[in-house]
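2 protein chains.
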Amino acid sequence: MEQTVVAAVKGIVGAEHVFDRFEDRYCYTYDASAVTAGKEGMPALVAYPGSAAEVSALLKLANEYKFPVIPRGAGSNVSGGSIPCAGALVMVLTRLNKIVGIDRKNMVAEVEAGVITAEFQTEVEKLGLFYPPDPASKAFSTMGGNVAECAGGPRGAKYGVTRDYVLGLEVVLPTGEIIKTGARTMKCVAGYDLTRLMTGSEGTLGVVTKVIVKLLPLPEAKKTMLAIFDDMEKAAETVARVFMAGVIPTTLELLDNIYIRNIEAAVNVGLPVEAEAVLLIEVDGDKEVLDKQVGIIEGICREQGATVKVARDAKEADELWVARRAAFAAVSRVRPTIIGEDCTVPRDKIPEMVRIIRAIADKFDIIIAVLGHAGDGNLHATILTDERDRDEMARVEKAAEEIFRATLAMDGTLTGEHGIGLVKKKYLPLEVGEGGMMAMRAIKRALDPNNILNPELV
Amino acid sequence: MEQTVVAAVKGIVGAEHVFDRFEDRYCYTYDASAVTAGKEGMPALVAYPGSAAEVSALLKLANEYKFPVIPRGAGSNVSGGSIPCAGALVMVLTRLNKIVGIDRKNMVAEVEAGVITAEFQTEVEKLGLFYPPDPASKAFSTMGGNVAECAGGPRGAKYGVTRDYVLGLEVVLPTGEIIKTGARTMKCVAGYDLTRLMTGSEGTLGVVTKVIVKLLPLPEAKKTMLAIFDDMEKAAETVARVFMAGVIPTTLELLDNIYIRNIEAAVNVGLPVEAEAVLLIEVDGDKEVLDKQVGIIEGICREQGATVKVARDAKEADELWVARRAAFAAVSRVRPTIIGEDCTVPRDKIPEMVRIIRAIADKFDIIIAVLGHAGDGNLHATILTDERDRDEMARVEKAAEEIFRATLAMDGTLTGEHGIGLVKKKYLPLEVGEGGMMAMRAIKRALDPNNILNPELV
Numbered sequence: 001m002e003q004t005v006v007a008a009v010k011g012i013v014g015a016e017h018v019f020d021r022f023e024d025r026y027c028y029t030y031d032a033s034a035v036t037a038g039k040e041g042m043p044a045l046v047a048y049p050g051s052a053a054e055v056s057a058l059l060k061l062a063n064e065y066k067f068p069v070i071p072r073g074a075g076s077n078v079s080g081g082s083i084p085c086a087g088a089l090v091m092v093l094t095r096l097n098k099i100v101g102i103d104r105k106n107m108v109a110e111v112e113a114g115v116i117t118a119e120f121q122t123e124v125e126k127l128g129l130f131y132p133p134d135p136a137s138k139a140f141s142t143m144g145g146n147v148a149e150c151a152g153g154p155r156g157a158k159y160g161v162t163r164d165y166v167l168g169l170e171v172v173l174p175t176g177e178i179i180k181t182g183a184r185t186m187k188c189v190a191g192y193d194l195t196r197l198m199t200g201s202e203g204t205l206g207v208v209t210k211v212i213v214k215l216l217p218l219p220e221a222k223k224t225m226l227a228i229f230d231d232m233e234k235a236a237e238t239v240a241r242v243f244m245a246g247v248i249p250t251t252l253e254l255l256d257n258i259y260i261r262n263i264e265a266a267v268n269v270g271l272p273v274e275a276e277a278v279l280l281i282e283v284d285g286d287k288e289v290l291d292k293q294v295g296i297i298e299g300i301c302r303e304q305g306a307t308v309k310v311a312r313d314a315k316e317a318d319e320l321w322v323a324r325r326a327a328f329a330a331v332s333r334v335r336p337t338i339i340g341e342d343c344t345v346p347r348d349k350i351p352e353m354v355r356i357i358r359a360i361a362d363k364f365d366i367i368i369a370v371l372g373h374a375g376d377g378n379l380h381a382t383i384l385t386d387e388r389d390r391d392e393m394a395r396v397e398k399a400a401e402e403i404f405r406a407t408l409a410m411d412g413t414l415t416g417e418h419g420i421g422l423v424k425k426k427y428l429p430l431e432v433g434e435g436g437m438m439a440m441r442a443i444k445r446a447l448d449p450n451n452i453l454n455p456e457l458v
Numbered sequence: 001m002e003q004t005v006v007a008a009v010k011g012i013v014g015a016e017h018v019f020d021r022f023e024d025r026y027c028y029t030y031d032a033s034a035v036t037a038g039k040e041g042m043p044a045l046v047a048y049p050g051s052a053a054e055v056s057a058l059l060k061l062a063n064e065y066k067f068p069v070i071p072r073g074a075g076s077n078v079s080g081g082s083i084p085c086a087g088a089l090v091m092v093l094t095r096l097n098k099i100v101g102i103d104r105k106n107m108v109a110e111v112e113a114g115v116i117t118a119e120f121q122t123e124v125e126k127l128g129l130f131y132p133p134d135p136a137s138k139a140f141s142t143m144g145g146n147v148a149e150c151a152g153g154p155r156g157a158k159y160g161v162t163r164d165y166v167l168g169l170e171v172v173l174p175t176g177e178i179i180k181t182g183a184r185t186m187k188c189v190a191g192y193d194l195t196r197l198m199t200g201s202e203g204t205l206g207v208v209t210k211v212i213v214k215l216l217p218l219p220e221a222k223k224t225m226l227a228i229f230d231d232m233e234k235a236a237e238t239v240a241r242v243f244m245a246g247v248i249p250t251t252l253e254l255l256d257n258i259y260i261r262n263i264e265a266a267v268n269v270g271l272p273v274e275a276e277a278v279l280l281i282e283v284d285g286d287k288e289v290l291d292k293q294v295g296i297i298e299g300i301c302r303e304q305g306a307t308v309k310v311a312r313d314a315k316e317a318d319e320l321w322v323a324r325r326a327a328f329a330a331v332s333r334v335r336p337t338i339i340g341e342d343c344t345v346p347r348d349k350i351p352e353m354v355r356i357i358r359a360i361a362d363k364f365d366i367i368i369a370v371l372g373h374a375g376d377g378n379l380h381a382t383i384l385t386d387e388r389d390r391d392e393m394a395r396v397e398k399a400a401e402e403i404f405r406a407t408l409a410m411d412g413t414l415t416g417e418h419g420i421g422l423v424k425k426k427y428l429p430l431e432v433g434e435g436g437m438m439a440m441r442a443i444k445r446a447l448d449p450n451n452i453l454n455p456e457l458v
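Protein sequence lines, in the order shown, are assigned to chains C and L. Residue 249 in my numbering sits at position 249 of the first sequence, and the numbers go up by one each step. Residue 187 in my numbering sits at position 187 of the second sequence, and the numbers go up by one each step.
Hints are computed from structural coordinates only; laboratory data are not their basis. Be careful, since some hints might not be right.
Just so you know, same-sequence chains aren't split out, so a pair can sit in one copy or run between any two.
With a straight-line Cα cutoff of 16 Å, these simulated EDC-like cross-link-like pairs (lysine to aspartate or glutamate) come out [to be verified]: (1) 214 / 164; (2) 105 / 411; (3) 214 / 411; (4) 309 / 298; (5) 180 / 434.
Required output: the full structure, derived from the provided sequences and hints.
Below you can see the structure in the form of structure tokens.
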């Protein structure tokens with residue numbers, strides 16, 4: 001990058017918010033995915049803008065000097081959505097970290113992009129309100145990043161994903177214009193839905209600087225239970241049956257024996273290490289209906305041959321959640337490289353999908369553990385491998401492709417909540433077809449004519 | 001239109017599905033808005049395609065011969081979203097009228113674009129499932145039209161709008177490519193969210209031919225009540241208070257005295273004709289919680305000085321709904337022209353908005369009745385006028401513009417559910433700004449380079 005450009009960047013955000021030493025830049029060559037930019041993809045500069053106006057000025061500069069810009073929150077995405085390319089400016093949004101306001105009367109909040117998801121949730125809950133999206137990374141992920149990736153989480157079964165809560169945005173377009181999309185109202189159909197177009201666009205169509213979200217009243221109570229199965233097939237079948245009984249649980253998580261054993265070894269909360277599968281189920285809402293819902297779910301689980309334990313108090317429920325949250329860390333003791341897929345299928349296809357995943361693991365002689373937000377069909381087939389083992393990695397890649405093709409064959413999607421990123425870029429045409437790719441590329445070109453923002457993703 | 005083109009259109013859809021006589025074409029110069037194309041905007045031809053492939057062939061022809069295409073379902077939109085221009089082909093989608101499937105296990109349905117909303121809802125409810133969006137036009141509006149307009153309705157307060165239920169689409173792009181967007185799964189973040197970009201795009205970015213929607217379990221029970229106020233201000237204040245108490249009613253409709261008197265005169269169900277305002281409130285869900293919710297709402301209404309009547313049975317509840325549904329027809333007895341705005345404001349701004357609407361009515365010496373889906377801040381300020389009275393119409397236009405500006409000043413939107421259409425086209429920049437207009441126009445040009453689909457709307 002020319003020294004005049006570096007000087008201009010420093011002029012915009014202040015020299016103290018710009019990093020250009022090799023060691024500093026190297027820290028931005030990876031995110032939470034298995035992809036790294038490496039030395040070949042070293043960014044030229046890292047800048048922390050302090051306002052939408054500074055983001056705008058940086059993007060105008062990028063268009064003038066034609067350098068790529070990689071926007072980034074906490075970099076906690078697992079799809080390779082914030083990996084730089086050579087000569088890029090990495091733009092980190094974490095200085096925009098103010099909760100602008102929580103409007104209790106209208107159950108709406110406005111936050112800057114760099115606000116940490118869990119910290120926002122804590123503030124909201126103090127007022128008796130509720131922001132449901134709960135990605136596994138919520139303790140460090142940012143609200144802007146959640147929007148860029150359309151983050152999901154275990155509560156998706158009942159409450160949906162980030163998209164369902166975003167009412168409006170302040171976005172800086174790739175060419176530098178600052179726009180406001182959506183409204184602070186529950187309904188808005190004025191013009192094209194730029195709010196949802198931006199949501200999940202992985203930093204390729206604009207840089208989110210502010211987010212306006214809808215809130216709900218905090219549910220009065222919740223009940224948590226664990227259903228223990230000695231037959232994976234039966235556990236998987238149970239998922240659709242619960243919904244068909246008219247009960248929509250907040251979360252319905254499926255964990256296989258690999259997960260159960262490794263979690264128990266890690267956190268020691270008394271999980272049944274012999275079980276083939278467990279379902280971790282939570283319902284929330286008015287006190288008056290929870291016992292009824294628990295009764296219905298318990299009945300269905302028992303019919304399917306499960307043993308059911310309902311947490312007696314908050315402490316027991318918390319232990320179950322500690323176990324669930326430890327899942328990814330726990331399986332990383334098995335092999336050093338963890339590749340978490342997030343193929344999603346219609347709920348009634350979960351048993352078939354689990355069978356297919358197991359058959360593929362056998363066929364390619366690799367380990368695939370299964371954990372899933374089964375309530376919304378979102379299975380995290382987790383490949384436990386070692387990226388240094390080239391031969392195994394070749395088999396892993398083939399296995400992943402077979403999982404993708406099987407998913408699409410049963411009307412599923414390659415990604416329920418992680419995003420396409422660099423990781424699944426080459427498979428996207430399988431899902432959306434040539435026409436879909438054409439439309440997406442046309443939109444990218446229309447809004448980003450110089451291909452400035454996250455150019456390698458599209 | 002050249003005879004070769006007419007012949008080609010007949011070749012594509014069959015001569016029996018093409019109308020070219022003046023009298024026939026004239027029938028397509030208007031929709032449910034106050035706008036008409038008139039003789040100047042006479043379409044050249046009306047065609048009823050029978051498949052996505054035929055829609056595609058028509059659009060390819062349109063790109064070759066450069067004629068505009070106006071897609072249309074039932075034409076029940078009230079924003080001038082399906083008004084033709086001179087020389088256009090009107091493309092009516094009502095032959096695509098099959099419910100492709102209702103998947104009970106996954107609570108997902110697939111319908112062709114021309115399926116009537118209410119007929120679909122009836123089929124879904126037979127299976128114990130629920131499709132919440134309920135635009136006033138549901139008895140004749142089409143599912144494809146609902147998607148094109150992102151239709152709302154009274155249940156929006158609790159259940160949201162069409163956007164919240166559309167999981168995927170089959171869409172024919174303006175250039176003729178048939179694409180599938182979204183998935184049949186609850187979550188999908190593969191590529192840009194073309195599903196929501198198309199939803200609410202008013203037939204300018206694509207022709208929807210199939211819709212995949214999410215369904216819910218049919219609520220077990222509901223309770224309906226009427227709160228009668230002798231003070232409009234108090235009624236308007238009640239709205240936000242109900243939500244702040246943690247209760248989310250299915251519907252919360254506000255009707256002013258003009259509506260109350262005219263509805264009662266029309267349907268005679270015993271509405272309180274002296275009341276300044278009423279709130280029609282419904283809650284639904286599990287039986288166990290309805291009485292509690294009714295109690296909370298009743299308490300708040302009484303605190304606000306209202307008399308509350310809870311419907312004792314389904315018959316009494318139905319009468320209230322008959323009254324509500326008769327609203328627009330009932331006020332059309334006052335003056336021959338009804339202009340229903342749908343400005344939407346944050347819930348706590350409803351009292352102020354109602355005051356402003358009344359002041360504007362006084363200032364311009366016109367009649368404005370107020371009815372609203374107050375639960376989501378969506379107020380239908382209804383201007384009762386006579387389009388033949390030029391002087392009054394000039395005042396009506398000024399009044400509408402003042403309502404729009406007041407709405408935007410309180411962080412509201414020009415349209416909660418009706419769409420921009422031709423009716424509000426000139427006001428859209430007030431809401432989305434020059435940057436927003438630029439982005440929207442860029443997207444339109446990208447997907448529709450020859451400006452074929454509904455060209456006068458953008």
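To see whether the hints hold, each was checked on the structure:
| no. | hint | in the structure |
| --- | --- | --- |
| 1 | 214 / 164 | both (8 Å within a copy, 13 Å between copies) |
| 2 | 105 / 411 | between (41 Å within a copy, 14 Å between copies) |
| 3 | 214 / 411 | between (30 Å within a copy, 14 Å between copies) |
| 4 | 309 / 298 | within (9 Å within a copy, 39 Å between copies) |
| 5 | 180 / 434 | between (31 Å within a copy, 10 Å between copies) |
No hint from the list above goes unmet by this structure.
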